[in-house]
Structure formats: C-alpha cells, structure tokens
Amino acid sequence: MTEITQLPLDPEQLPAGDEAALLLSFLEWYRVILIRKAEGISEAGSRVCLPPSELTLLGLVRHMAEVERSWFRRRFTAQDAPPLYYSDEDEDGDFHPTDTDTMTDALAALRAEIAYAQQVTAGVPMDTLATAIPPTQRIAGWQPSLRWILIHMIEEYARHCGHADLLRQAADGSVGD
Amino acid sequence: MTEPFPLPTVRSPERQTLEEFLDYFRGVFIRKADEIDDQQARLRVGASDLDLLGLVRHMAGVERFWFSQALDGSDDPDFWSNPNDPADEDADFHYGPGDTLADAVAAWHSAVADARERVSAHASLDDVTAIDVGPPDNPARYGPRSLRWLLVHMIEEYARHCGHADMLRETIDGVVGD
Chain A
0 MTEITQLPLD PEQLPAGDEA ALLLSFLEWY RVILIRKAEG ISEAGSRVCL PPSELTLLGL
60 VRHMAEVERS WFRRRFTAQD APPLYYSDED EDGDFHPTDT DTMTDALAAL RAEIAYAQQV
120 TAGVPMDTLA TAIPPTQRIA GWQPSLRWIL IHMIEEYARH CGHADLLRQA ADGSVGD
Chain B
0 MTEPFPLPTV RSPERQTLEE FLDYFRGVFI RKADEIDDQQ ARLRVGASDL DLLGLVRHMA
60 GVERFWFSQA LDGSDDPDFW SNPNDPADED ADFHYGPGDT LADAVAAWHS AVADARERVS
120 AHASLDDVTA IDVGPPDNPA RYGPRSLRWL LVHMIEEYAR HCGHADMLRE TIDGVVGD
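Residue numbers (numbering that gives the first Met the number 0), protein chains in the order written: chain A, 0 to 176; chain B, 0 to 177.
There could be a bad hint or two in this list.
[Said to hold, decoys possible] Quick list of simulated restraints, FRET-style, between CB atoms: (1) A:A43 x B:S109: 22 to 32 Å; (2) A:T101 x B:S109: 43 to 53 Å; (3) A:D79 x B:S109: 43 to 53 Å; (4) A:W141 x B:E2: 39 to 49 Å; (5) B:R41 x A:R110: 17 to 27 Å; (6) A:E90 x B:R43: 25 to 35 Å; (7) A:D79 x B:D89: 19 to 29 Å; (8) A:E90 x B:D177: 41 to 51 Å; (9) A:Q78 x B:R10: 45 to 55 Å; (10) B:E2 x A:E90: 42 to 52 Å; (11) A:A43 x B:S123: 47 to 57 Å; (12) A:Q78 x B:A105: 31 to 41 Å; (13) A:D87 x B:D77: 46 to 56 Å; (14) A:D17 x B:S109: 46 to 56 Å.
Simulated from the structure, these hints should not be mistaken for lab results.
The beta-carbon is built from N, C-alpha and C at its ideal position, and this holds for glycine as well.
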C-alpha cells in the first residue's frame, strides 16, 4: 500500500491571509483532499460508481489532471499541451478509463499538472490575465484573471470532492478530509 | 424553478468576484432542491446519510452562523434543534418525520437575504468576525476570521455540498448540471 499524502496547511490557520495566500491555500487544500480520496484504494474501488451517475474516483482524478492542464498550461500560459485522455472521438475520455488504466498513473499525471500550475502561479499578481484566447470560447476575447481561475479551481475541486466523498464512502466506508 | 445566477464575471476586482461566485453557487445549490417532494428530499445514495433536506437545513444554518452569529456577533438563535437531544450539534441533519423541505428552503432564503445585507454593511474584506471560531477545544486558537476568508470558505463549502447534491438529485430524477 502506498503512503497517504499529508494534509497541507489548513486554511483555518490563515484567518487574516491576503488574497493570494488564501486562494492558493484553499486550492492546495482541495488538491490534496482529492488525492487523499484516491489513495489507498483498490483498482476495483477506484471504479465504483453510484448509478445513474457514471462518475468514479479514477475518472475524477483523470478529469482534474485535464482541468489543471487546460487552465494552467493551455490557457494561463498558452502552452501547446494536447489533452491527456479525451479526444474528438470521446470528449469525456477522462471519465472513461479502459481496463488497463490505473490510479497510479492517473495520480502521477495529476501531480505533474499540479506541479506545473504551482510553478506558474507562485508570486503572480491576481489581476494577471490568461495568455491564451481560445478561438472557440463563447465570449469573444474571453480571458479570465488569475483571481477568477483560482476561485474557479477551488470550487471545481470542492464540487468534485463532494462527488468523491460519496464514492469513497460507498467503496470502503472512508469519510472526511 | 428558481432562476440561476449569472456566471461570475472574469476580470473583476476581488470583492465583486468573490460575491459573484458565492451567489452563483447559492443558486446552483438551491436549484437542486427545486420541484422535488418531501419524500425525494429524504433519499440517500450509497453508504452516505446525506440527503437534500438535511443539506438545505445545513446551509441555512451555515449562512446564519457565519454571517450573523460569527461576523456580526448577533444572538440570532440556531434554526434547528433536536427535540430528543438538545445538545445535538448536527440537528440540521437530524430532522423529524414532520419536517418539510418547504420550511428548510424558506429558512435558507431568509438566512441568505440577511447574510447579503450584513455583508454589504461591511466596507472592507479585512473586517473580522466578532467572535473567534476555531477548534472546539480552543476556539481562540487562530483568532477572528476576515470577511475575505469567510467568502472563500463559503464558496468551497457550497461547492462541496453541491457535489453531494449533484449525486442525490441525479439519483432522484436524473436532473444534472447547474
């Protein structure tokens, strides 16, 4: 069994933190909570779902690797970084692992994307705009600020951690952060 | 159906962005409880004892706690109590057979209206809670929380419970999304 990742600094301990400190701290908190929901579980447990929802812990970890990659590589820094799991043939490929895909690989991909995101957001002012303007974006010239991206990432992780709460509890009874 | 709040604007100042995200998720959350009956509001999934009735009661209490009792130090009473156990701190989740979703939703709307009024009366995100809120064994451990902290916390608390609500509502009638 692999070691479980330690929780980072609890944002409770930054009651008067400034904007950047708070947003980065809450985001780090939820990144680790999702990772902890996925650690120490069997490959079968990582594929448990609660129908009619098709969400699984393995799908959620792959999805958040794509989300980190999309926001921080492709949009915030305009890097040419093709999707890891989805394609034109399957736009939800992140949620559709094959029998040979593993949680170990998915967690490694997520950690690599998080490491990149941490590096390109450290010390950057919150009003900084995303570099890339996606041509398909529904609002012309839609370039969010780093502030918006970070708050969005916090709520996206938190919402998926809500899904992960129920999936992990169904898989092996584990609850909490 | 309750109308959704607009998506948060993408290049706004700190306070406006936080308030727009919070309002957006308040809207996502309460719409999960739209047009279901009291029996559906009690449905649970997997091994979890969460349900939409408990979640709506919980978030009504969370709004009142953070914005009224903590931020402004009011003596507003808690919304919910457990008649069988007055010391029950999870009375929001421990409703009785006669408790209704309509009452829970009404309490939530009133708590949210009050919370918005209280927040707008604070000129600065640096304003701090009137009381210390920390670990139960040592509430003063981290000192008072800023309004900035509180708004970020409320966004993630709503979002996580929206994740629970997503799974519950999809199981009830297949409705998904915001």
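Against the structure, the hints:
One distance hint, 22 to 32 Å for the beta-carbon pair A43 (chain A) and S109 (chain B), is violated here, with the actual separation near 46 Å. Hint check: T101 (chain A) to S109 (chain B), Cβ distance near 49 Å, so the stated range 43 to 53 Å holds. Restraint check, D79 (chain A) to S109 (chain B): a C-beta distance of roughly 51 Å satisfies the suggested window 43 to 53 Å. Range check, W141 (chain A) to E2 (chain B): about 23 Å between beta-carbon atoms, so the 39 to 49 Å window is missed.
Taking 17 to 27 Å as the suggested C-beta distance range, the pair R41 (chain B) and R110 (chain A) does not conform, at roughly 40 Å. The hint said 25 to 35 Å for the Cβ distance between E90 (chain A) and R43 (chain B), and at roughly 31 Å that hint holds. Between D79 (chain A) and D89 (chain B) the CB atoms are about 50 Å apart, so this pair departs from the stated range of 19 to 29 Å. Look at E90 (chain A) against D177 (chain B): about 18 Å separates their beta carbons, and that is not inside 41 to 51 Å.
The hinted range of 45 to 55 Å is not satisfied by Q78 (chain A) and R10 (chain B), whose Cβ atoms lie roughly 22 Å apart. For E2 (chain B) and E90 (chain A), the Cβ-Cβ distance of about 29 Å falls outside the hinted range of 42 to 52 Å, so the restraint is violated. Distance hint check: the CB atoms of A43 (chain A) and S123 (chain B) are about 52 Å apart, consistent with the given range 47 to 57 Å. Separated by about 49 Å at the C-beta atoms, Q78 (chain A) and A105 (chain B) break the suggested range of 31 to 41 Å.
For D87 (chain A) paired with D77 (chain B), a C-beta distance near 53 Å keeps the hint of 46 to 56 Å intact. Taking the beta carbon of each, D17 (chain A) and S109 (chain B) are about 33 Å apart, not inside 46 to 56 Å as hinted.
When each numbered hint is compared with the structure, violations occur for hints 1, 4, 5, 7, 8, 9, 10, 12 and 14.
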